[in-house]
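**Student:** Here the protein sequences come in this chain order: F and E.
For the first sequence, our numbering assigns the number 102 to the last residue and increments by one with no breaks.
For the second sequence, our numbering assigns the number 146 to the last residue and increments by one with no breaks.
Fair warning: there could be bad hints in the mix.
Said to hold, decoys possible - Here are the computed lysine to any residue pairs in the SDA-like style, where the Cα-Cα straight-line distance is at most 25 Å: (1) F/K28 with E/S59; (2) E/K89 with F/T80; (3) E/K33 with F/K57; (4) F/K54 with E/K33; (5) F/K57 with F/N39; (6) F/K54 with E/L131; (7) E/K33 with F/D35; (8) E/K89 with F/D70; (9) E/K33 with F/D70; (10) F/K42 with E/K33; (11) E/K89 with F/G69; (12) E/K33 with F/T80.
Stated by the list, open to error - In silico negatives: residues of chain F with every beta carbon more than 10 Å from chain E: (13) G2; (14) I20; (15) K28; (16) Q44; (17) N53; (18) K54; (19) H58; (20) Q67; (21) N79; (22) L90; (23) Q94; (24) I97.
What the hints assert, rightly or not - Now the in silico label distances, taken between C-beta atoms and shown as ranges: (25) E/T52 with F/L(-6): 27 to 33 Å; (26) E/G35 with F/D17: 25 to 31 Å; (27) E/Q76 with F/Q31: 38 to 44 Å.
I should point out that these hints are in silico values taken from the structure, not numbers from a laboratory.
Cβ atoms here follow ideal geometry from the backbone N, Cα and C, with glycine treated the same way.
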Amino acid sequence: GESVGLHLPTLSVQEGDNSIINCAYSNSASDYFIWYKQESGKGPQFIIDIRSNMDKRQGQRVTVLLNKTVKHLSLQIAATQPGDSAVYFCAENTYAGGTSYGKLTFGQGTILTVHP
Amino acid sequence: KAGVTQTPRYLIKTRGQQVTLSCSPISGHRSVSWYQQTPGQGLQFLFEYFSETQRNKGNFPGRFSGRQFSNSRSEMNVSTLELGDSALYLCASSGAGALTDTQYFGPGTRLTVL
Chain F
-13 GESVGLHLPT LSVQEGDNSI INCAYSNSAS DYFIWYKQES GKGPQFIIDI
37 RSNMDKRQGQ RVTVLLNKTV KHLSLQIAAT QPGDSAVYFC AENTYAGGTS
87 YGKLTFGQGT ILTVHP
Chain E
33 KAGVTQTPRY LIKTRGQQVT LSCSPISGHR SVSWYQQTPG QGLQFLFEYF
83 SETQRNKGNF PGRFSGRQFS NSRSEMNVST LELGDSALYL CASSGAGALT
133 DTQYFGPGTR LTVL
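Chain E with its partners taken away, still in its complex shape:
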């Protein structure tokens, strides 16, 4: 079974631009969670989607948004990029996003904001 895939793997943007990242979950998984990983803050939860609905959200500004499609693929968007948005963005999929559902992570998208 194929794992979680993320595209693109690397992105370079400039301040003020916007970016869209894509995540394809493991086949059959309906929950997709997004995380931001930085050296200073570690791994932080952004949001979770299930059946095209955002069910949970972390403490990030409204510039960070996402969506999920009917095939469970998910995208996240960051508008008006800031230097501090440079990070590794990880998505993880699980069966249903329940408490004990194992989350399987993709390789991440490395975003650099100049």
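Isolated chain F, as found in the complex:
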């Protein structure tokens, strides 16, 4: 079946460093990609999204890059802070008429740990 993302990897960084979290997706027809952050005991929190007709999108301290050629998505976090420690998920949706309604396909997630 379709899948997004890698097996749950971990990333440890020092406070102030830049972090890069990667995600591979398998569906070349994917139209829309989102990054979520999930802290312990909480639901996923929206970070940033990007459509398939874009290569890059920037937010506050975050940048998402999309490489459709190799079906790769990355999230860059600038000046990482301890409060950024969480599990990060990439997710995608594909326009397919009714079967796309409200359905996100998630990757397995990456654990980011930021050391003070």
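Got chain F sorted already, so can you dock chain E onto it with the hints?
**Tutor:** Then chain E, alone, in the frame of chain F:
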């Protein structure tokens, strides 16, 4: 604006029982999606409701069902609980459930089946 709320936050049930979980979307949102999160399978889509109609469904057995009310609040029900149903159940709301509508998640209901 209040976020997505889910009740109860924690549930303990035994095998064979049934359970009902509730989700109140963000005010004005009409689409509610449900997801199951487990360590082994990650986040998996269960179903989506809009205007009291189920528009989309994931690959889960018929024991998993849901409904939506006229005020967009949604419930999901799991009958004949199995040990493998232990999970965090998340609901997310969006304006209309369209492709690029951002889904906002609630804190989840942690279900433990003994």
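**Student:** Indicate, hint by hint, whether the structure satisfies it.
**Tutor:** Taking the hints in turn, this is what the structure says about them:
no.	hint	verdict
1	F/K28 with E/S59	holds, 20 Å
2	E/K89 with F/T80	holds, 15 Å
3	E/K33 with F/K57	violated, 36 Å
4	F/K54 with E/K33	violated, 36 Å
5	F/K57 with F/N39	holds, 13 Å
6	F/K54 with E/L131	holds, 18 Å
7	E/K33 with F/D35	holds, 21 Å
8	E/K89 with F/D70	violated, 33 Å
9	E/K33 with F/D70	holds, 24 Å
10	F/K42 with E/K33	violated, 30 Å
11	E/K89 with F/G69	violated, 35 Å
12	E/K33 with F/T80	violated, 29 Å
13	G2	holds, 29 Å
14	I20	violated, 7 Å
15	K28	violated, 6 Å
16	Q44	holds, 17 Å
17	N53	holds, 20 Å
18	K54	holds, 16 Å
19	H58	holds, 19 Å
20	Q67	holds, 22 Å
21	N79	violated, 6 Å
22	L90	violated, 6 Å
23	Q94	violated, 5 Å
24	I97	holds, 12 Å
25	E/T52 with F/L(-6): 27 to 33 Å	holds, 31 Å
26	E/G35 with F/D17: 25 to 31 Å	holds, 26 Å
27	E/Q76 with F/Q31: 38 to 44 Å	violated, 19 Å
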